[in-house]
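Go by the hints and put chain U onto chain R.
In order, the protein sequence lines correspond to chains R and U. If you read the first sequence in our numbering, its first letter stands for residue 6, the second for the next number, and so on. If you read the second sequence in our numbering, its first letter stands for residue 238, the second for the next number, and so on.
Derived by calculation from the structure, the hints in this document are not laboratory data. You can trust all of the hints, since none of them are fake.
Example chain R residues on the side facing chain U (calculated, C-beta under 10 Å, incomplete):
hint: 1; residue: Leu26
hint: 2; residue: Asp36
hint: 3; residue: Arg126
hint: 4; residue: Asn202
hint: 5; residue: Ala203
hint: 6; residue: Met204
hint: 7; residue: Gly257
hint: 8; residue: Pro509
hint: 9; residue: Gly681
hint: 10; residue: Gln682
hint: 11; residue: Val683
hint: 12; residue: Val717
hint: 13; residue: Glu722
hint: 14; residue: Leu726
Below 27 Å or equal to it, Euclidean Cα-Cα: the simulated DSSO-like pairs (lysine-lysine) are:
hint: 15; chain 1: U; residue 1: Lys383; chain 2: U; residue 2: Lys327
hint: 16; chain 1: U; residue 1: Lys327; chain 2: R; residue 2: Lys21
hint: 17; chain 1: U; residue 1: Lys327; chain 2: R; residue 2: Lys12
hint: 18; chain 1: R; residue 1: Lys21; chain 2: U; residue 2: Lys383
hint: 19; chain 1: R; residue 1: Lys479; chain 2: R; residue 2: Lys173
In this text, a Cβ means the ideal position worked out from N, Cα and C, and glycines have one as well.
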Amino acid sequence: MAQTATKYIGSDVPRKEDPELITGQARYADDLTLPGMLHMVLVRSPHAHATVDNVDLSHALAVDGVVAAYSGADLADEWAGPLLMAWAVTPDIKNPPHWPLTKDKVRHQGDGVAVVIATSRAAAKDGADAVVVDYTPLSVVTDMEAALADGAPLVHDDAGTNASYTWKHSTGDADAAFASAPITIKERYVIQRAIPNAMEPRAILVQPNTAMGEYTMWSSTQIPHILKVAMVVATGIAESKLRVIAPKVGGGFGAKLQVYAEEALTLLVAKKLGQPVKWTEERSENYLATHHGRDQIQEMELAADAEGHITAYRVKIWANMGAYLQIITPGTPLLGAFVYCGCYGGDSYSLECTGVFTNTTPTDAYRGAGRPEATYAIERAMDALARKVGVSPVEIRRRNFHPSSDTSFSMPAGLTIDSGHYHEVLDQALELAGYDDLLADQKARRDRGDSKQLGIGFSTYLEMCGLAPSRILKALNYAAGGWEAATVRVSATGKVTVVAGTTPHGQSHATTFAQIVADDLGVPIDDVEVVTGDTQLAPLGMDTYGSRSLAIGGIAVHRAAEKVVAKARTIAAHELEVSEEDLDYEGGTFSVKGAPDQARTIPALAWSAWTAHALPDGMEPGLDSTAVYDAQNFVWPYGTHICAVEVDTDTGRVEVVKYVAVDDVGVQVNPQIVDGQVQGGVIQGIAEALFEEAVYDEHGTLMTGSMTNYEVPAASELPSLTIGRYTTASTTNEMGFKGVGETGTIASPPAVINAVIDALSVFGVTDVPRPASPENVWRTIQQARQAEGGQQ
Amino acid sequence: MAHVSMTINGSTHEADIEPRTLLVYFIREQAGLTGTNVGCDTSTCGSCTVLVDGRSVKSCTMLALQADGRELTTIEGMAAEDGTLHALQKAFHENHGLQCGYCTPGMIMAADSLIREHEGDLTEAEVRLGLEGNLCRCTGYQNIVKSILAAAGEMR
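With the rest of the complex left out, here is chain R (with noise of 0.2 Å):
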């Protein structure tokens, strides 16, 4: 049998993801139909915080078509529990139970009420419309710091305050350094909150089968495993009854890291009718139902000796919760708690964070999740550093970071880091950018008071990813492990399966793990199929968060492969009568060292293992492994960002004029799908730093509440990026993998308003809202402008 000796990991194999995508014959949830199938739609409030008095459903059952409607009450015996919250980060923390349906009391706008159960998606939507609900308006709450004063509202009455929770954690005692430091700084920042925005909305479908008691669930979700566990919760249903599918997704960013009221709802009211159920979120919906992110106040604080050298980072956070606890809400902000010191040295680290309750959209995980919030308060807290001790971004950077290593060093945050080359980075950074002239600009056009002045911004950034090694998180009071599995399987005719458990919407893993496995069995990477994201085809999963399908699951997928060759070699060996110590394994074929022509490639032998004619005594037949893979460390990758931008001075426009990207993500299996990632996430981030901003008003009602005005940037909008690359082979795994589904949006928006304030700073301007809106950069302009008595 011919084989190939190509090797796929490290080159741009063309995704195989791409036929049914690009011809319109991929499903997602929405485009799924089954016989007899309801339509459900979901009556929401529009109260931020309100009692329900009366839900009269009369009308609605009465609309044609309509076949069902329930009201939170009528459903409240049915469940077996609330929806799943797995991440009580303290032991008081105040979790409490979140129904997928309210009985009494809406604490935020969109919060669910009722169903309407019916034959289509129009009849659905007009029963919904009949419905009458009595409601009782209560004074609402969506500013943190008004939610912790004395009388605030009571966004949960039973909780007796709004703080859910404190989370602290130190190293060493920075309090006296602080004491004893000759140089402080103490900055306040506001992330505002952000909307996930994922292109394909939620949708899901039930196919019940009440004879067996069976039921099937396909799901717009990044976690049809975890999913399903908290189906079991709440229903009552029992794990081995039911089957959770995430077919194609279109996007999840984190949104759809989630356990949500709807997947409960279409499974309890398809268990009730005996038919299926489809619910399909529309976007304005989306807006309310679907979680949000971000939303943190920040007090950073730096210790420093003379020349700038940090001896102590003190931090506390806000984080807001909204008005429940979902599945990872109180711990989210806590996934950025051990990099508020970034790649920086030091000897002592404190964090306090206090969640909030507000009357606003849940928050839970957004690309990044907590890491994109910290690496904001540490890379602009460098350049405030860099203000008082009064050197440049680049030098005060450079002055802290860690020195390069190859292998693995502790942090101040008291984990450990694999690896990484910082000044390197930067180096490469500052050539791609052409940083030289980029000041030589920026001075001629200070010089000449040009209306356009130029900024340059820094972000050093570092990430911990790969989530997560089971007993960190054990350590950290959450509910699951963070280990992943696969199996590889060679079939009679040598074709080969991977099934692997964690469940893409985008980042390519049918490609990237297949390269993987094509090179460890020496078979063309067209023989290699990925199955993912069916709890019944692909039972053992923890599915695709944290950057984690690469440095965990892919490392799961490497090793079921080595078990797959390490069963191979006894055969080979037993066959070709010759011990396995003898054979040489090169490019899936085992030969016999001294005699090459005597060798057996994989596929030779996955039909010897099938017929079973001949196997070494006691071995099983078949030709498969399973490997479960749970990391000792997280991963690390870092980099450098450098932004360019022009302000409009007179209008507060803000253009990013370059944008230069050097990042580690450790070992590339797909240099083209890293830059993919690199390229969108870094995209998402500027569009997090210019435009993106969830508004509430004084009634708890979301402004910003469909795509007209939420600014998703557009092509338009936006500039192409230079990516550079720099590879240090992570510690943590034997591939040297890190991880890329998040660096961009956690490096990109301190680069980008670093940048903005480094331009205004002709104006003394140290500060600028997120998102440096026109709107803002110009109040910002004319603030500044005021104080300094009208100059320039």
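Below, chain U without anything else, positioned relative to chain R:
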């Protein structure tokens, strides 16, 4: 109910529909062509872009009745009958112009119209401006623009 008939990708599709039915739902639910996606409810995102008599239209901005008697092309009609990919489909594949793929059908249909209706060579800035009505959250647009410029070269 109202009767409507239109040609989609060379085949006739007719049905009695509620007059309020949007064209995109006729395409998806009556014609069963689910490659055309719905991404918003404000005619902002462009995921539902199709060709109506050769020009790109967001199919959520039209009633199905308004398409009565007209010729439509959707993503399913872009490749040749023998399966040979359209230049845009090929370019999106070769240039990694898609990740989750949800916006891709709309992007390809909008780009087809943009390229055919544009005189002379397209620049990057013209492609970016021409795509203003189509949103993508995955790619940051860079490889979409690259794909369209590559296809434009081939389509001329």
